[in-house]
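Here is what each chain is made of, one letter per residue.
Number of protein chains: 2
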Amino acid sequence: MQLGGKGANLAEMASIGLSVPPGLTISTEACQEYQQNGKKLPDGLWEEILEGLQSVEKEIGAFLGNPSKPLLLSVRSGAAISMPGMMDTVLNLGLNDEVVDGLAAKCGERFAYDSYRRFLDMFGDVVLGIPHTLFEEKLEKLKISKGVKLDTDLTASDLKELVQQYKNVYLQAIGDNFPSDPKKQLELSVKAVFNSWDSPRAIKYRNINQISNLKGTAVNIQTMVFGNMGNTSGTGVLFTRNPSTGEKKLYGEFLLNAQGEDVVAGIRTPEDLENMKTYMPEAYKELEENCEILEKHYKDMMDIEFTVQENRLWMLQCRSGKRTGKGAVKIAVDMVNEGLVDIRSAIKMVEPQHLDQLLHPQFEDESAYKDNVIAMGLPASPGAAVGQIVFTADDAEAWHAQGKSVILVRTETSPEDVGGMHAATGILTARGGMTSHAAVVARGWGKCCVSGCSDILVNDSEKVVVIGDKVISEGEWISLNGSTGEVILGKQPLSPPALSDDLETVMSWADELRHLKVMANADTPEDAIAARNNGAQGIGLCRTEHMFFASDERIKAVRKMIMAVTPEQRKAALDLLLPYQRSDFEGIFRAMDGFPVTIRLLDPPLHEFLPEGDLEQIVSEMASETGMKEEEIFSRIEKLSEVNPMLGFRGCRLGISYPELTEMQARAVFQAAVSMSNHGFTVLPEIMVPLIGTPQELRHQVSLIRSVAEKVFAEMGSSLSYKVGTMIEVPRAALVADQIAKEAEFFSFGTNDLTQMTFGYSRDDVGKFLPIYLSKGILQNDPFEVLDQKGVGELIKICTEKGRAARPNLKVGICGEHGGEPSSVAFFAQIGLDYVSCSPFRVPIARLAAAQVAV
Amino acid sequence: MQLGGKGANLAEMASIGLSVPPGLTISTEACQEYQQNGKKLPDGLWEEILEGLQSVEKEIGAFLGNPSKPLLLSVRSGAAISMPGMMDTVLNLGLNDEVVDGLAAKCGERFAYDSYRRFLDMFGDVVLGIPHTLFEEKLEKLKISKGVKLDTDLTASDLKELVQQYKNVYLQAIGDNFPSDPKKQLELSVKAVFNSWDSPRAIKYRNINQISNLKGTAVNIQTMVFGNMGNTSGTGVLFTRNPSTGEKKLYGEFLLNAQGEDVVAGIRTPEDLENMKTYMPEAYKELEENCEILEKHYKDMMDIEFTVQENRLWMLQCRSGKRTGKGAVKIAVDMVNEGLVDIRSAIKMVEPQHLDQLLHPQFEDESAYKDNVIAMGLPASPGAAVGQIVFTADDAEAWHAQGKSVILVRTETSPEDVGGMHAATGILTARGGMTSHAAVVARGWGKCCVSGCSDILVNDSEKVVVIGDKVISEGEWISLNGSTGEVILGKQPLSPPALSDDLETVMSWADELRHLKVMANADTPEDAIAARNNGAQGIGLCRTEHMFFASDERIKAVRKMIMAVTPEQRKAALDLLLPYQRSDFEGIFRAMDGFPVTIRLLDPPLHEFLPEGDLEQIVSEMASETGMKEEEIFSRIEKLSEVNPMLGFRGCRLGISYPELTEMQARAVFQAAVSMSNHGFTVLPEIMVPLIGTPQELRHQVSLIRSVAEKVFAEMGSSLSYKVGTMIEVPRAALVADQIAKEAEFFSFGTNDLTQMTFGYSRDDVGKFLPIYLSKGILQNDPFEVLDQKGVGELIKICTEKGRAARPNLKVGICGEHGGEPSSVAFFAQIGLDYVSCSPFRVPIARLAAAQVAV
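Chains A and B are the protein sequences, given in the same order. Count along the first sequence from 1, add 280, and you get the number used in the numbering used here. Count along the second sequence from 1, add 280, and you get the number used in the numbering used here.
The shape of chain A in the complex, shown without the other chains (with noise of 0.2 Å):
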């Protein structure tokens, strides 16, 4: 079946009673079809067009060969979301010399032609590609010489000039005649919205918004209804709800005596709404009736566009009106007032992006800094911000202090500057992808950041970054945009983040509705306070290594502890750092009471800890902290040094060749546990061992765990039970899940290691080819941001059943990125995991797509 289908929304405005031009729609499929055909109309789509036009509307004369009866055609998308490069704009199709006449006979002849020329010009500009400014060049040339101003004081014999000189512009732009046969133009058109299916636009559209389920877009033929027939005539789109803040009032504007494109293409300003029903309050009424009608239909608030010819009201188009988060948080919650959806419904109405941009702040005005865009990169971590520049974590940290609003602009970062990046209200980097250390700082933390930016080139000597040929220095302003990975120039104004009623009861709608539990990763008891208040129903993973970074006490024991060449230097050096694990630990339990803490031991390889800089600065820094000689800090530098750091001597490989280490760390949450066991607090340790790839590297790190509570029990006469469990990021983990099941109490995927390992992309350098992977169609989502359910969550899968088999209560949850991303939380529910874990600031939205897929 070619036609009808999805986007067929003219049929079903009538179907419901309402006022729709005659028209058919094409389907989707058919789109597919032609895309898959090199282009190619499928096989018997032009018979069934016209059999369909003529069985639907007797009177299209042009097209069945009749001039003097000039019902005219509008072909357009009917795309089942709009996008930008859609083609979808109003055609008065199967106007020529021969129609326009019978048109002028039946509408005057100033119509007839002021439609001719502005067909002309649309069907160049968008079916055949001829420049529109070809046209408005030959326009303001004749209203100069007509000594004119507006279009609308042209003559008829003007419009018929301009006809000509339109016709004579197809001539020079395309070397042919204006195709004047109607069934021409027909296919011409149907032809050209398939293609703007695949204009680059509409691609690039549908990959930020990661819109893949879509087969192409379907085509709306309407007889056209005219908009421009004097006083009693005009047109309008609305929505049925303010989509801004949701206010229950129609919301939109109207022209009198124009067409829909005038509206659209911004020829001339429309006006509010409301002036219509000073106008023509009959039409008014009935499409404030037919707005309750369709809302109840579909169940949403709806964008609407209209025409009133000569007092009757044709509705043309209508679909699902785009909102902002506040606007569909206040529509989800009025219309569960309402009666008109329950609250199964109603949780489907906001999306995960909707509550991004509730919890961050935002720009007032998105289009309004357009021009002020310099380069772009990926949108890291969502959210406005405006500050000025500064390339060092200790400029930051320093104008912050001096109370600044600062972006930190790094190259890339490292642990080292997560004081500045803490400090920084936004970071931009010109390396690393959607995971890199900055994006998953910055969103563990709700800060705005835009990483991978390659457009911009960072010289920390000089304080400058360079973007094609701008310069910018230290201090200048600029303003980040976290959603979109826009860098602006300059400071744009900014709205806070949008907290209300209405959120707090969309969240206890999802709370109720959802079986997945979610969790956070919080490193710090400021991290846990905040998932807590975010809904977190515990700690899924608490990343120990970041606490070393809090002072330069802590890191410079971490550093005895990496330059220790024997196991006692080792060991005096983690003596160091016990207490301040143990006290980090002792907030985090006493943040999340009554809660499971999920701890990983030690992850990252040792040389992450080293200071930053060239190799004789590092030496020179460490020798003097540690009092080592400067030969012995050199070689266990190079002995540290890998070629490849991922796959290299870190996670649960640093606790098996050290157990001194492993054994430091489970003194600390057990020492922490007890004490604040005994202070009253309901305290539920998990430790989780990083990177375990077979069972007998677990069998070794849970007996070290196992031996170390029980001595720490005795000697503190108090015990409390406890669980060991391993993270599962390597592949050969989850193939081997049986045997690892029998060692562990919990699995935790860590789908970033994970997503590296199974494709073998390292996410600091996929940079590279991620871009061009994405533009070419070979991979839908970066996988980093978006699970890839066929390979990795295929693994996911396969261990999921292997443990459980070999250990039915076992415990499995996700703590990787995207615990957070909301496809992936579903993915996450449906194949049964416990629960996600994902940062502070995204645990709303994790809530919510878990909620959405539990109706």
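Calculated from the structure, these hints are not laboratory results. Backbone N, C-alpha and C define an ideal beta-carbon position, used for all residues, glycine too. Incorrect hints may appear among the rest.
Below 30 Å or equal to it, Euclidean Cα-Cα: the simulated DSS-like pairs (lysine-lysine) are [stated by the list, open to error]:
1. A:Lys650 with A:Lys771
2. A:Lys1056 with B:Lys851
3. A:Lys1022 with B:Lys1070
4. A:Lys1070 with B:Lys1070
Just some of the chain A residues that point at chain B, by a computed CB distance under 7 Å [claimed, not checked]:
5. Gly928
6. Gly973
7. Phe1039
8. Gly1071
Listed below are several chain A residues computed to face chain B (Cβ distance under 8 Å; list not exhaustive) [stated by the list, open to error]:
9. Phe929
10. Ile936
11. Ser937
12. Leu971
13. Asp1044
14. Phe1049
15. Leu1059
16. Leu1075
Chain A is fixed; fit chain B onto it per the hints.
For chain B alone, kept in the frame of chain A given last:
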């Protein structure tokens, strides 16, 4: 059943009519249970032993409370494989003050006290860990005080005195009396044998030799027979054939009037076994007959121990004899000719290591240089090499050109070093594992290499290598044993590879028996010829990038390609490379006439082709090479640098981002193929796309390759059939193999990369923890050497099943390093792969391993 089981060769010898001293054997299962029970004898074992002894020999008075019938016991390891560290010493168990009198009455006082003092020495040393030197001192002092030179000059009363002194040694060393109860002695001895299974030397031996299927050691308890009862007695060891040459002639040593331990411990120098014929012709004749019986029974060359007591021959032990490669091959061929075994059995008598010995030079005598071993690295590529040290690839080439034999010593090698590596006779690196660049390249050439030798510190600038407090300078001689990892000071004598007709015979049997095809990894026409000569049935992996380093012009063209910013610049550089690639492919197709040649598209990250050195050097070198500005070069290099190159911009990611690269390579392949085909060669090209993770990637490359093929065929007016397939080295590819198989005509597992990503181990960095993992038993083997069947193997199985389900005639093979490792080859054959591909020098080993698994 605790008694009997493996190692019970005594009972077996008795059963075929040989004279064996009565005794019993404790099974290996008992040893395993002992180890698992925290070193406690399994329940009931002790009672079973006593009962067993009673039923075996009623006379064992000492153990059954009758010291007047002094029949002594020997207790020793009966491990299936003789290994260092195992307790393999004959004990006169059962002696004490009472029993010694009975023994004196039976055999004379001198013999009795000599046995007693020997027993005290050995029991103390071996069972209780009292240093042998403490006893030795007493003996030496006594001899001095008595004024005698030889032990045999001591009188009975001297020895009696010595017994008392030895007892004092016990008191001082263990603070307790010598355990005089024979049952206690027996129990301690049995435990000592069990414990010796776990001794560090035995564990190390098993790790090195990849012995993991044994449960433990059996324990042989035998009644003692006495070789030291005058000149009608004696003891000896022999092989039934010469283990070095394979000659069919008894080969052994004999000592008149001596106990076995004298031979083993080297206290007295034994005579050639031939002499025994003169001393005791009848016993010798029986021994000869016994050897024939044993060879017929065990169908193998045997290693035998025996004692003659007063002209009566007693067989003490027999097991399969260890042999050299040369010996193994001759013995196998001879035994088939003698009708002793069929070729299915004979093929199992030649071990893969034997072939290694035959195919590479070896040291004449490995025991001769043990004191000169100055460092140990990884046995990266087998064989022996002797040469003068150089530190740069250029020096290696220059010295080699002067006719010198050189060993190239590097911290680690890079593709730039290939010329020097080829010129060197052996390669030694401080870093890198069994599959580091140096190791892989060296194995490909069959060149000796010791890699990852962390004992050494290479100082390039001063041209010295530091090992502990030794400093070795350029030009000094060293020797490398690539089969053991030993680095030896000085020039050690070599013997050349020992190829023979017998070897050809064995290999022809192997080819007759095996089902698995064996191909070779070869990158040049020369390698291809070597591969064909070694029996390769085609090339399974031709790495196109290795050709890039073959000359200065080539590498310069490659660097131009890398530095290109626009596709046009890149195409221009690629046009320079095309003729080189084409001529290499022509040579390879010519050499492989009639066999398939599998060509892999460019795989490594581009920065591997940059010159070595610090950044400044590279930039200036590249600027002069390419004529580009230094800052352009710098920025381009910056963009190429990667954090984890193994997971970065390489493999098909290059060919998809730069389609012109794939086009050039495909063009070179097809032009060469058509041209050689026109010259009358049978050309079977197969193009292999590396690092595929998604079907979309493969689809992109396959369509590019096929369109180039069409073009070339049209241009050259001739076509031929070819295949396009993919490497499977990314875990994701294995997981979605059904989809990938739709695009691929063959799969070739790249097990190096697959192992890296499945384990998350960088082969360049694994040296940091792998030794610890092996020593702690967390891993049984280096997974880069021996395929990890449980994890990586599981993925290979999943992939093969999914792939063949989607495309039943899919050809599946492997071309990673494991293709030449015997146990891995066996696995690949068992799971039904079609072929393995390995370095030309390992082809015979793979052929043998494939045959062994087939029989």
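Of the numbered hints stated previously, which ones are contradicted by the structure, given in increasing order? Of the numbered hints given earlier, the structure breaks none, since each of them holds.
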